[in-house]
Amino acid sequence: DAMVIQNPRYQVTQFGKPVTLSCSQTLNHNVMYWYQQKSSQAPKLLFHYYDKDFNNEADTPDNFQSRRPNTSFCFLDIRSPGLGDAAMYLCATSSKAGIAQNIQYFGAGTRLSVL
Amino acid sequence: GQQLNQSPQSMFIQEGEDVSMNCTSSSIFNTWLWYKQDPGEGPVLLIALYKAGELTSNGRLTAQFGITRKDSFLNISASIPSDVGIYFCAGHPTSGTYKYIFGTGTRLKVLA
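Those sequence lines, one after another, are chains A and D.
Residues 2 to 116 (our numbering) are what the first sequence spells out, left to right.
Residues 29 to 140 (our numbering) are what the second sequence spells out, left to right.
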């Protein structure tokens, strides 16, 4: 069973129209991450949460925002998508305790297209 | 952001051949992870390594945590067509952070 679930798998939006991508996890992990991945490149970290503590990467555009209302859910909001924001968006989680510490688990991703 | 040096960038091999790829860093890591990513999917964890010198297998896959803690290797034996994909290494630094550093990826194609 999927442990990190991303919805939707495919999202099409219009240039400038806000869009929200969602991620949920059944692992009860403290840390949740959002990555952007383009053209088979390495995933690029946008931001991550440790519990409710938000950590933004210095080069993440202001256009990208995130919310984590509880342990299980995390959202990526793109306020005004541009053509350059078309990409695969990956959610991941990790635990900081126990034998599974430092292992990062990914969801299946959401492919965003911007028209 | 920071990336690991991963090589080779791509490989074309015949079915049945063995494959080797590696990641190197100028920094020390306390964990190495190896992932496989299929087109349109998220990375799937293959092997996790926690100690310098550790050698771990998962079926036909074997990975090692380098003694210097600055590198890691992944070997695939007797490749099959479903091994096709992009393989990423990821390292977790020793300093207090929850972030992971990713390699640039190795694209593997297997010719039947």
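These are computed hints drawn from the structure, not numbers from a lab.
A quick note: this is a predicted structure, and the numbers were derived from the prediction, not measured.
Positions of the beta carbon are idealized from the N, C-alpha and C atoms, including for glycine.
Some hints here could point you the wrong way.
Said to hold, decoys possible - Facing chain A, a subset of chain D residues (Cβ under 10 Å, in silico):
# : residue
1 : Gln-65
2 : Ala-80
3 : Glu-82
What the hints assert, rightly or not - Straight line, CA to CA, 30 Å or less: simulated DSSO-like cross-link-like pairs of lysine-lysine:
#  : chain 1 : residue 1 : chain 2 : residue 2
4  : D       : Lys-127   : D       : Lys-98
5  : D       : Lys-137   : A       : Lys-39
6  : A       : Lys-39    : D       : Lys-127
7  : D       : Lys-79    : A       : Lys-97
8  : D       : Lys-98    : A       : Lys-45
9  : A       : Lys-39    : D       : Lys-98
10 : A       : Lys-45    : D       : Lys-137
11 : A       : Lys-97    : D       : Lys-137
12 : D       : Lys-64    : A       : Lys-39
13 : D       : Lys-64    : A       : Lys-45
14 : D       : Lys-137   : A       : Lys-53
Hint-by-hint comparison with the structure:
no., hint, in the structure
1, Gln-65, "8 Å, holds"
2, Ala-80, "15 Å, violated"
3, Glu-82, "13 Å, violated"
4, Lys-127(D) to Lys-98(D), "17 Å, holds"
5, Lys-137(D) to Lys-39(A), "20 Å, holds"
6, Lys-39(A) to Lys-127(D), "19 Å, holds"
7, Lys-79(D) to Lys-97(A), "17 Å, holds"
8, Lys-98(D) to Lys-45(A), "21 Å, holds"
9, Lys-39(A) to Lys-98(D), "27 Å, holds"
10, Lys-45(A) to Lys-137(D), "24 Å, holds"
11, Lys-97(A) to Lys-137(D), "35 Å, violated"
12, Lys-64(D) to Lys-39(A), "16 Å, holds"
13, Lys-64(D) to Lys-45(A), "16 Å, holds"
14, Lys-137(D) to Lys-53(A), "41 Å, violated"
When held up to the earlier numbered hints, the structure conflicts with 2, 3, 11, 14 and fits the remainder.
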